[in-house]
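Asks: As a plain string of letters, each chain reads:
Protein chains: 2
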Amino acid sequence: MTGNPRLIRIDPHDNVAVVATDGGLAAGQEIDGLVLTENVPQGHKVALTTLEKGEPVVRYGVVIGHAARPIPAGSWINEANLNMPPPPVLSELAPPLGTETDITPLEGYTFQGYRNRDGSVGTRNILAITNTVQCVSGVVGHAVDRIRREMLPRFANVDDVVALDHTYGCGVAIEAPGAAIPVRTLHNIARNPNFAGSTMVVSLGCEKLQPARLFPEIFQAPAAPGSRDGGAASLVTLQDETHVGFEAMISSILQSAEQHLTTLNTRQRETCPASDLVVGLQCGGSDAFSGVTANPALGIAADLIVRAGGTVMFSEVTEVRDGIDRLVARAATPAIARDLIREMAWYDDYLEMGLTDRSANTSPGNKKGGLSNIVEKAMGSISKSGSMPISGVVPAGERATKNGLLFAATPASDFICGTLQLAAGMNVHVFTTGRGTPYGLSEVPVIKIVTRTDLARRWHDLVDIDAGRIISAGDTLESMGMEIFKKILAVAGGEKTSAERLGLCNQLALFNPGPVT
Amino acid sequence: MTGNPRLIRIDPHDNVAVVATDGGLAAGQEIDGLVLTENVPQGHKVALTTLEKGEPVVRYGVVIGHAARPIPAGSWINEANLNMPPPPVLSELAPPLGTETDITPLEGYTFQGYRNRDGSVGTRNILAITNTVQCVSGVVGHAVDRIRREMLPRFANVDDVVALDHTYGCGVAIEAPGAAIPVRTLHNIARNPNFAGSTMVVSLGCEKLQPARLFPEIFQAPAAPGSRDGGAASLVTLQDETHVGFEAMISSILQSAEQHLTTLNTRQRETCPASDLVVGLQCGGSDAFSGVTANPALGIAADLIVRAGGTVMFSEVTEVRDGIDRLVARAATPAIARDLIREMAWYDDYLEMGLTDRSANTSPGNKKGGLSNIVEKAMGSISKSGSMPISGVVPAGERATKNGLLFAATPASDFICGTLQLAAGMNVHVFTTGRGTPYGLSEVPVIKIVTRTDLARRWHDLVDIDAGRIISAGDTLESMGMEIFKKILAVAGGEKTSAERLGLCNQLALFNPGPVT
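Sequence lines, in order, name chains A and B. Letter by letter, the first sequence follows residues 173 to 689 in my numbering. Letter by letter, the second sequence follows residues 173 to 689 in my numbering.
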C-alpha cells in the first residue's frame with residue numbers, strides 16, 4: 173500500500189477490494205486487469221472475480237456475507253447484493269485454550285502525569301462535581317460557571333472544573349437488576365484518575381441514589397446535615413435545612429470547591445512510565461477505510477502500549493460480536509474467553525428483548541462510507557485492538573484493575589462507550605472516524621484520528637492525526653502506529669487536543685438497561 | 173382545616189390522620205382525644221383507632237394498605253407496619269360508561285401570548301436549535317454561547333436561544349419498536365408553541381436519526397448539501413463538504429440563526445383567551461402534604477382551566493396506576509377509558525420486563541416525607557387532576573390535539589415527564605413539591621408550588637407559590653386554586669418564574685424503551 177493505490181485488498185484471500193480513489197471510480201475504467209461494470213464510490217467494494225449467487229464474499233480474509241445474486245467481476249458490492257451471515261454461535265465456539273504469546277517489552281517511553289495516592293495517574297488536573305440526581309443540575313451548573321469565572325484563575329495548576337452531569341438518580345427502578353450498571357458507572361466515573369480522588373458530591377436529599385448508595389465507602393450513613401467532608405469527597409445537600417435561599421446553596425458549593433481547588437492546585441506533573449497509560453479506544457462514524465488505515469494503525473499503537481506495560485481498552489460489543497471467534501482465540505486464559513462469551517450472550521439477550529439484533533448497529537453513514545453490514549464493520553473495528561492477547565474483560569461500568577489489553581464491554585454508542593471507559597479509569601481516549609465527528613469529553617483528552625486525508629484537510633482544526641496518509645502519502649501502518657503512540661504520550665503529558673483547543677465536549681450518557689419509573 | 177391543625181384527616185372514612193405540626197408530635201401527647209404511643213414526624217400517619225393485623229388502613233377514603241401487625245391507636249403507621257395492596261386488576265375494571273358532566277363555562281380570563289400560524293400560542297419567544305444526534309452537541313453549544321452573547325442583544329423581542337440537546341440519534345436500535353417514542357418526542361418538542369414553528373436543525377450527516385426521518389414533513393430527501401431552508405425549519409449539516417474547518421460550521425449556524433432571530437423578533441404578544449393554555453402538571457419530591465395542600469389546590473386550578481376551555485395534562489403512569497379505577501370512571505367516553513387501560517397495561521409489561529413493578533416509584537424522600545407506599549403516593553398525585561372528565565389520552569411523545577383534561581402517558585421521572593409534556597405541546601408547566609427541588613426548563617416556564625410553609629420560607633427565592641398556607645394560614649383550597657390559576661395566566665403572559673429569574677434549568681431526558689446498540 174504505497175503510492176496512491178486505487179483499489180485496496182487487505183488479505184490475499186479477499187475476493188473484493190475497496191476503492192481508494194477520491195471521488196470513486198467510473199464504469200468502464202480498467203484497473204489491475206479489471207473493468208468496472210458500474211460507478212463505484214470511494215470506500216466501496218468491487219468484486220475482483222465473478223461470484224455465483226450464494227458464494228461467499230471475503231474481506232479481511234473473513235466471510236462478510238454471501239452474494240444475493242450473481243455478481244460479475246468489476247461490480248459494486250453493497251448491502252443490496254450482499255446477504256449478511258449469522259453471527260458465530262456462542263455455544264459452538266472452539267474451546268478456549270488461552271494463548272501463550274511472548275510479549276517483547278518496550279522500555280524507555282514516559283509521560284508527565286499526575287500521580288494519585290491510589291497509584292493511578294491523571295493526565296489532566298480537574299475538579300469534578302458529581303450530582304447524585306439530575307434535580308440539582310441547574311444549581312450545579314450555575315455554581316460551575318461561577319467557580320470557573322471567579323475562582324479558577326487563582327488556581328493556575330488546575331485545568332478545569334467539570335460537572336459530571338447525568339439524568340439518572342431518581343425516577344428509576346433502582347432495585348431492579350439493570351440498575352447496577354448506571355450506579356457503578358457513576359461511582360467509578362467520580363474515581364477517574366483525572367479527578368485525584370477529590371470529586372465533590374452535590375445531592376438533593378430525597379433522591380433514590382442517596383450519597384451513601386453511590387459512595388458507600390465514603391458516606392456510610394444517610395446524608396448528614398450541611399456540607400461536610402467525607403474522606404476524599406465532600407457532600408453538599410441542597411435540601412439541608414441550613415440552606416436558606418439559593419445563594420446559600422451556591423455558597424456551600426463554592427466553599428467546598430475552594431478547599432478542593434487548593435488541594436488540587438498543589439498537584440505537580442512528574443515523569444511516569446508508559447505503563448501508567450490507561451487508553452480507551454473507540455471508533456465512531458466509521459467507513460470502509462476505518463479497517464484499512466486508522467484502526468489497524470491504532471492497533472499497532474495498542475500493541476506498543478501493551479508491550480510498554482500499559483492498559484488498553486477496546487469496547488463496543490455489537491462491533492466485535494461477529495468476530496468473537498477471533499477474540500476468544502486471543503484470550504490469555506480460558507476464564508477470560510468465558511468472560512468474553514458471557515458479555516456477548518448478555519448483549520444478544522438484551523437486544524432480543526428489545527426485538528432487534530446486532531445488525532441494528534450500522535448507520536446510514538457507515539453504509540454510505542462503504543460498510544455493507546455489521547460483519548464488515550466489525551472486522552474493521554476489531555483491528556484497533558492490535559494483536560496482543562486479551563488479558564481481561566471489564567463489565568460495563570466497572571473499573572479496570574489490571575494492565576494489558578482489556579475488553580471493556582460497552583454498547584457501541586459513542587457517548588455511552590466513552591462514559592463507560594471513563595468509569596473504567598481511562599486517562600486518554602483515542603477515537604477514530606471515517607465520516608467525521610466533533611466528539612470530545614470534558615473529563616479526559618480525546619485524540620481524534622481520521623481514516624482519509626480529504627477529511628483531515630477539511631476538518632483540519634477538528635482532528636489530531638491523519639491516518640489517511642497510509643494511502644495518500646504512503647506512510648506505513650508501523651510508522652503511523654508509532655506516531656499515534658507518541659501522540660498519546662504527548663497528550664497524556666499535557667499537550668492539548670483539537671477538541672480541547674476548541675472547547676468541544678459531549679454529554680455523559682449512562683447505560684441503563686433497567687426501567688425508568 | 174383552618175387555624176393550625178395538628179392532625180389532618182382527609183376523608184370521613186379515614187382511620188389514619190397526618191401530623192401537620194412542624195417538627196412532628198411526641199410520644200405521650202394527647203390530641204383530639206388520642207394519646208400518641210410514640211414520636212411521629214411531620215407528614216407521617218397516626219392510627220386513629222386500634223387496628224387488627226390485616227385490617228385495612230384508609231386514607232383519602234381509599235385502602236392504602238393493610239396492617240402488617242396489630243397497631244394500637246396513636247401509633248405511627250409507616251412502611252414497616254403497612255402491607256401494600258396489589259394494584260387494581262386491569263381486566264377486572266368495571267366496564268367504562270363515559271361520564272356526563274355538565275361543565276360550567278368560565279369566561280373572561282385571558283393572557284398575553286404569542287399566536288402561531290398553526291393556532292397554538294407560545295408563552296415565550298425562543299429560538300430553538302435541535303440536534304439530530306449528540307455528536308454535534310459540542311459545536312451547537314459553542315454556537316449557542318456566541319448567539320446569546322453576540323446576537324441576542326440585537327433582538328430585544330426574543331427571550332432566549334436554547335439547544336434542544338439529547339443523547340439520542342445514533343448508537344440506538346432505530347428500527348426497534350421502542351424507537352418510535354424517542355423519535356416522535358424529538359419531532360414534537362421541536363414543534364413546541366414557544367418556538368413558533370421556527371426550530372433550527374443541526375445534523376452531523378452520518379447519523380441514524382437523519383433529518384428526513386426526524387422531520388419527514390420538512391426534509392423529504394436525505395440531507396442536501398450546505399445549509400438550506402426547509403420550509404419552517406433550516407438545516408446545517410456539519411459533515412457537508414462546504415464546511416472547511418470549525419469556524420465554517422459555526423458560521424453556517426450563526427447565519428441561519430440571524431434569519432430566524434429576525435423573524436422571531438417580529439412576534440408580538442396579543443390577548444389570548446385562557447382556552448389557549450396548555451398546562452402540564454407534575455409533582456416531584458412529594459410528601460404526605462402533597463395530597464393535602466399543593467395537589468388538590470392544583471386540581472382546582474386544573475378544573476378552572478378546563479372550564480375556561482383550556483388544556484390540562486396530568487401524567488406519571490406509576491403514580492396513577494393504583495387509582496386507575498377512579499380514572500377510568502372519569503373517562504369521558506368508553507374509548508378514552510380503554511386508552512387509559514392500554515397505557516397502564518403497556519407500562520405494567522415494561523416494568524415486568526425489567527423485573528420490577530410500580531412500587532419501584534417511591535423514593536427515600538417520599539418515605540421520609542410520610543408517604544408509606546405507591547398507593548398512598550398515587551392518591552395524592554391524582555388529586556392534582558381535579559374533578560373534570562378525562563377527555564383524552566396522549567401516548568408518550570405524541571402531541572396533544574384536543575382541549576380539556578388529558579392524561580399524557582409518561583414515566584414519573586421528573587425530567588422524562590417534563591420532556592414528554594414539552595413534546596405534547598405544553599406552554600406552561602406547573603410542578604408541585606413537598607421535599608423541594610430546584611427543577612426548571614429552558615423551553616417553557618415552570619411554576620413551582622410547595623406543600624409546606626416552612627419549605628416556602630427556606631426556599632423563598634426558588635419557589636413560586638406556598639400552598640402550605642392552606643394549613644399554616646387557613647387559606648382554602650378554593651382560594652389557593654384560583655391563586656394558582658391566576659399565576660398560570662400571569663406567567664403565560666410573560667411574568668418570570670423563580671427558576672427563570674435564577675436561570676435554573678434541567679436537561680431534557682428522553683424516554684427510550686428500546687435498546688442502545
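Watch out, some of these pointers could steer you wrong.
Derived contacts from chain B toward chain A, CB cut-off under 7 angstroms, selection only [claimed, not checked]:
hint: 1; residue: 277
hint: 2; residue: 278
hint: 3; residue: 280
hint: 4; residue: 281
hint: 5; residue: 310
Just so you have them, the derived chain B footprint on chain A, three or more residues with Cβ under 8 angstroms [unchecked claim]:
hint: 6; stretch: 357-369
hint: 7; stretch: 517-531
hint: 8; stretch: 535-541
FYI, nobody ran anything at the bench for these hints, they're computed from the structure. No residue lacks a Cβ here, since even glycine has one placed at the ideal position from N, Cα and C.
Asks: Each hint should be assessed against the structure and marked as holding or not.
Replies: Each hint, compared with the structure:
The closest approach between the C-beta of residue 277 (chain B) and any C-beta of chain A is roughly 37 angstroms, which is over the 7 angstroms cut-off, so the hint fails. Hint status for residue 278 (chain B) relative to chain A: violated, with the closest Cβ pair at about 34 angstroms, above 7 angstroms. A distance limit of 7 angstroms between C-beta atoms decides the matter here; for residue 280 (chain B) the minimum to chain A is near 36 angstroms, and the interface restraint is violated. At its closest, the beta carbon of residue 281 (chain B) sits 31 angstroms from a beta carbon of chain A; the interface hint therefore is violated under the 7 angstroms criterion.
Hint on residue 310 (chain B) holds. Least Cβ distance to chain A is approximately 4 angstroms, under the 7 angstroms limit. Here the stretch 357-369 of chain A counts 0 residues with a CB under 8 angstroms from a CB of chain B, which misses the bar of 3, and the coverage is violated. Closer than 8 angstroms: that is the beta-carbon criterion, and the stretch 517-531 of chain A has 7 residues meeting it against chain B, so the requirement of 3 holds. Given a C-beta distance limit of less than 8 angstroms, the hint that chain B covers the stretch 535-541 of chain A holds, as 6 residues qualify and 3 suffice.
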